[in-house]
Structure formats: structure tokens, C-alpha cells
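Asks: These protein sequences, in sequence, are chains W and X. Heads up, the first sequence is in my numbering, so the first residue is 482 and it goes up one at a time. Heads up, the second sequence is in my numbering, so the first residue is 145 and it goes up one at a time.
Heads up, a few of these hints could be off.
Claimed, not checked - Okay, the calculated bits of chain X under chain W, using three or more residues with CB under 8 Å as the criterion: (1) 158 to 165; (2) 223 to 230.
Said to hold, decoys possible - Distance ranges between label pairs, derived from CB positions: (3) K558/W - L185/X: 54 to 62 Å; (4) M258/X - G563/W: 45 to 53 Å; (5) R603/W - G169/X: 53 to 61 Å; (6) K206/X - I576/W: 53 to 61 Å; (7) Q238/X - T602/W: 37 to 45 Å; (8) R603/W - I163/X: 47 to 55 Å.
It is worth saying that the hints were derived from the structure and are not from the lab. Quick reminder that beta carbons are idealized off the backbone N, C-alpha and C, glycines included.
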Amino acid sequence: MPSDVLTVTIERSAGAQAAFEVPAYDNQTVLDVVSWVQQNADPTLSYRFACRVGMCGSCAMMVNGVPRWTCRTHISKVLKDGAVHIGPLRNLPVIKDLAVDMDPFFDKWVAAEGVHHGDRTRDDPIAPVDETSAARVNANAGIECINCSVCYAACDTVAGNPEYLGPAALQRAWTLLNDTKDEGRAAILDAVSGRGGCHNCHSMGSCTVYCPNELDPMSAIAGLKRETARSFFRRKS
Amino acid sequence: MSAASGVTSRAHPLWLAYILHRLSGLALALFLPLHFWVLSLAVTDPARLDGFLAMTEAGVVKLAEFALVFGLAVHMFGGLRLMAMEWLPWTPAQKTLAALAAAMSFLIACLFLMKAL
Numbered sequence: 482m483p484s485d486v487l488t489v490t491i492e493r494s495a496g497a498q499a500a501f502e503v504p505a506y507d508n509q510t511v512l513d514v515v516s517w518v519q520q521n522a523d524p525t526l527s528y529r530f531a532c533r534v535g536m537c538g539s540c541a542m543m544v545n546g547v548p549r550w551t552c553r554t555h556i557s558k559v560l561k562d563g564a565v566h567i568g569p570l571r572n573l574p575v576i577k578d579l580a581v582d583m584d585p586f587f588d589k590w591v592a593a594e595g596v597h598h599g600d601r602t603r604d605d606p607i608a609p610v611d612e613t614s615a616a617r618v619n620a621n622a623g624i625e626c627i628n629c630s631v632c633y634a635a636c637d638t639v640a641g642n643p644e645y646l647g648p649a650a651l652q653r654a655w656t657l658l659n660d661t662k663d664e665g666r667a668a669i670l671d672a673v674s675g676r677g678g679c680h681n682c683h684s685m686g687s688c689t690v691y692c693p694n695e696l697d698p699m700s701a702i703a704g705l706k707r708e709t710a711r712s713f714f715r716r717k718s
Numbered sequence: 145m146s147a148a149s150g151v152t153s154r155a156h157p158l159w160l161a162y163i164l165h166r167l168s169g170l171a172l173a174l175f176l177p178l179h180f181w182v183l184s185l186a187v188t189d190p191a192r193l194d195g196f197l198a199m200t201e202a203g204v205v206k207l208a209e210f211a212l213v214f215g216l217a218v219h220m221f222g223g224l225r226l227m228a229m230e231w232l233p234w235t236p237a238q239k240t241l242a243a244l245a246a247a248m249s250f251l252i253a254c255l256f257l258m259k260a261l
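With the rest of the complex left out, here is chain X (with noise of 0.2 Å):
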């Protein structure tokens, strides 16, 4: 389909909230059993484990769990938001007002995180 392939009509933000929700929730799904799988070590291979934990100091591994924090952080408020608009009738300035609180709560949080590293 020719008409399709030349489709613009998706660059609006709630197509962009579905995609990123989509994807983080993917990345999540992939990374999980890798993570397991690396705690799963503490009781069959320790010395391996603290490897692993080693490489936590290298700056493109703290880099990847900004990327992780940040993936899990957009899956859980798209998760919530999409159960908000579904689920509870509200007009949509309730949930703008709903969508500021989340974000303050969030900020405020991440400021709490960084003030105790």
C-alpha cells in the first residue's frame, strides 16, 4: 500500500505515548531474564557475580541503568496513565491536572534520589 508507507498521521503525542509505553515494556521484557539470570549467581557462582558487579563502575554501564531507571520510570507512568484514561471517566482537564501531579510526584522523588547518592 503506497498510501500507508507515506502515513505521517502518527506524530501526535498520544501515538508517541502508545509507542514509547510499546517499546520501553519490550526492552524490559528482554532485559528481566538477563537480569535474573545475574542474581541467580549470588548462589551459583559468587565470584562470577562480583565480576559483574565490577563492571557497574564503567561509565557506559552507569549510562545503561540511567537508560534502565528511565525505561521502567516511562513503562510504569504510561501504564498508569493508560489505566487512568480507560478506567476512570474524567474529563480531560482532570487529566491534565492528574498528568502534573504524576510528573511533580516524580520530580520531587528523583530530587529525594539524588539528594540521598
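Just chain W, same shape as in the assembly (with noise of 0.2 Å):
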């Protein structure tokens, strides 16, 4: 560690920023500077954060303008001459301090269709799953999403256009239209093809490059314009 004192500044709300000397440790995240600053020096810091091993998804932030899960960020990773500049997500609406609220996010994952669509009862027998079929390979590339938001606010589509459903809600509607027991085909594909849809993506690829669980939304959101417009021209003739 360069020095023993960190130069954290973090963004307090209505545009406000607050800086304070926190001491550093080894093995010390993003997570545990803000931890610090709310135990230490100011207990009214507002910030979220769950399970700390980068399960949940809660304690996504603006890390020197990146966004990250801070749980799984070395601070001697993101330190710039002993400093960092730590801020809520970006294209979310910020609660207070570094809470952002989720809902936007959650609502597109609806809006998506990112939803179970099932047939069966449970008296029939599940679906066979054919691990090797392509299919099966697409559907599995996305389901370790934590849901965190760091893709939707790394995305500048996101940012220019509020109805764009955004990488994540679209890459689990691309997730499930491959899932042998998903039974929600014509509602995921007409879900994403709307106004707020796979066609508004300008494949800039913040998603790909920031997903913290190295996923590639963009490439789904790829295969999801494939599949609609394959069913658009079906359709037609």
C-alpha cells in the first residue's frame, strides 16, 4: 500500500460530496472504505449492500466513473494517487447517498417478459433439458446474472432512452427464450421487440465490458434482434 490514509470522496445527495481520510488495510474493498466511513465518521452515510460475496447484487456504485460490485473490488485496484471517488449508480434514480432506487431496473425485467412461462402441472413430467443442444449453451451463457445493474448503468442507450429496457431485463428474456421449459416464446418476442426493445441497442458493449460476472448481454441482445427479426419475416410471408 502506498500510503496508510485513503482520500475517499463520496457523493452525497442533491449533488453533494463529502471527502474523508480513511485508513487503509490489506485486502480491503470498495465495499468495506464505505463501510468504514458510515461506522467511523459518518453514521447518516446511506449505501446498500447484503451478502458481501458478490451473490446478491446490492452493492453496485460508481467507482472512479466506472460502475462495479464493490463487495469484489480490491481498493488497491481502483486507487488513483491514494484516492477514489465513489458515487450511486448511474440511470437510477438515487434514493439517498449511494442508495439507488432498483424499481426502474426490476419493472423493465418484467416488462421483458423475464418472468417464468410454464404449461405444465405438476402432475406432468419436467421438460428434458439437452445440455449439449445450442439452445441449452445460449440459455446457460446468462443465467449467472445477480441482477446488479452494472451493465444497465454502463450503457449509454440506457442513459439516452428511459424506455429501453436495457442488457440485463434483455439478456434474461434471451435466457428463457432458449430454456426448453420456457413456454413464453410469441410474449418474450414481442415484449422485446416494442419501442423500449433489442433494436434499440447500439451494440457500444459497456454491458459486455463491465458485466462483473464476465457475461455478454450484448451478444444476447445480438441473438434477440436475430430471433425477432426472423419472426417478423416469417410472419409476413
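Two chains, two frames, a set of hints: combine them into the complex.
Replies: Structure follows, in C-alpha cells:
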């Protein structure tokens, strides 16, 4: 560690900022730094976290202008001259300080038909899943999403178009479209080809670059573009 | 939004490819009407067209022509890249190979052109 003290600037509500001197430790994450501030310097600081091991998707913030999962981001990797700037996630309304309102993100998840569409009862046999099929490979590629909204915060198309469903919701739609246990094909294609749908995507790729779980929403959205186009031309003919 | 003002999350190749494609497209869209207007002088005012053609000897115009060819090439390959990425469900390795093939052909075409000139 280059110095014993970190200079941490944290964005507060209403455009205000506050600077804190935080003691440096080995193996210190960005979330540890924010927690130290809240526990030792300013108990009024609001932020959100739960699992601290990269599973729950609660603690994403903007760190030096980059959306990151703060519980799995070592402070040593983001420090610039012993300083770091932490803000609330981009593209979502701020409730207070570092806590954002995730409602738009989850509302779009549902709007993209990111829900299970079953057609069997408990008496029917479970649909067989062929792990080696191309569709299953596509579905598997997106199932590790933890809903952290890092991709949503990274996306410039979301910033420019509030109606756009965003990378996470569209990737979920693509996953379900490829899932043999899901019967919502028509509903999904309809939902993702509307005004806020997959064709808004400019393939800027920030979602794929910054996904902390190394998923590839951009390619999932490209898949939706192909499927919606195919279904459009099929309907025409 | 103060958080957005400090965003550095765009500094990656995919976003740079996007912005290069977009800016080259805008520049070409601005250039084309002017280009067609100059061409139309061949019919309406040949003497004025000759005046324009004489300008192409100037160094700064030659530089601008280079920028134009670069803009066209960048926009064309940007479009091919986008179509390949969105319409062909390729693996990343295949995409790298395709990009390499396109770059090689572009290089060979440029060498051919330089030899011809």
C-alpha cells in the first residue's frame, strides 16, 4: 500500500460531495471503505449491501466513473494517487447518497417478460433439458446474472432513452427464449421488439465489458435481434 | 448527474468502434450533399468545376482527401463489423479471424492502390 490513509470522496444527495480520510488495510474492498466511513466517520451515510461475496447484486456503485460490484473490487485496484471517488449507480434515481431506487431496473425485467412461462402442471413430467444443445448453451451463458445493474449503469443507450429495457432484462429474455422449460416465446419476442426493445441497442458493448460475472449481454441482445427479425419475416410470408 | 459527468466507462474498444462509426457516418452525411453539388457543376457550370478540380492540387485538399478515404473505409468496415457481430452468431475466435481477414484484405488493397498511383 503506497500510503496508510486513503482519500475517499463520496457523493451525497442533492449533488453534494464529502471527502473522508480512511485508514488503509490489506485486502480492503471498496465496500469495506464505504462501511468504514459509515461506521466511523458519518453514520448518516446511506448505502446498500447484503452478502459481501458477489452473489446478491446489492452493492454496485460508480467507482471512479466505472460501475462496479464494490464487495468484490479491491480498493488497491481502483486507487488513483491514493484517492478514490465513489458515487451512486448511474441511470437510476438516487434515493439517498449511494442508495439508488432499483424499481425501474426490475420493472423492465418484468416488462421484457423476464418471468417464467410454464404450461405444465405438477402432474406432468419435467421437460427434458439437453445440456449440449445450442439453445441450452445460449441459455446457460446468461443464467449467472445477479441483477446488480452494473450493465444498466454502464449503458449509454439507457442514459439516452429511459424506455429502453436495458442489457440485463434483455439478456434474461434471451435466456428464457432458449430455455426448453419456458413456453413464453411469442410473449417474449413481442415484449423485446417494442419501442424500448432490443433494436435500440447500438452494440456499444459497455454491458459486456463491465459485467462483473463476465456475462455477455451484448451478444444476447444480438440474438434477440436475429430472432425478432426472423419471426417478423416469417409472419410476413 | 454528477456521477455521469465523471464516467470513464466508455474507454474500451467496442465503444470507441461505435463512436468512430457514428462520427464517420455523420461526417460523410455532411460531405455527400457538397460532393453531389460539385459534381452537378459539370452540367451547370463547367468552368467553376474546373476551378474546384484545380484546388485538388493543394496539399491541404490532398490531406482532406486522405481523411475522406479514411472516413469511408472506417465507416464501411464499421458497418461490416456491426452486421457480422449482430447477424452472425459467431464465437469470439471466429470474429477475431474475420477481423484479421478484413484487415489483411484492406492492407493488400491499399498496397495495390499505392502501386497503381
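Asks: Are there three or more residues in the segment 158 to 165 of chain X whose C-beta lies within less than 8 Å of some C-beta in chain W?
Replies: It holds, with 3 qualifying residues against the three required.
Asks: Verify the CB-CB distance for R603/W and G169/X against the hinted window 53 to 61 Å.
Replies: holds, 55 Å
Asks: Starting from the range 37 to 45 Å, see whether the pair Q238/X and T602/W falls in it by beta-carbon distance.
Replies: Holds: the Cβ-Cβ distance is about 43 Å, inside 37 to 45 Å.
Asks: So does R603/W sit 47 to 55 Å from I163/X, Cβ to Cβ?
Replies: Between R603/W and I163/X, where Cβ atoms are some 52 Å apart, the hint holds.
Asks: Are M258/X and G563/W spaced within 45 to 53 Å by their CB atoms?
Replies: holds, 51 Å
Asks: Quick check: the segment 223 to 230 of chain X, covered by chain W? Criterion 3+ residues, Cβ under 8 Å.
Replies: holds (count 3)
Asks: K558/W and L185/X, beta-carbon distance inside 54 to 62 Å?
Replies: Between K558/W and L185/X, where Cβ atoms are some 60 Å apart, the hint holds.
Asks: Falls inside 53 to 61 Å, the C-beta gap from K206/X to I576/W?
Replies: Because 58 Å falls inside the window, the suggested range holds.
Taken one by one, the earlier hints all hold for this structure without exception.
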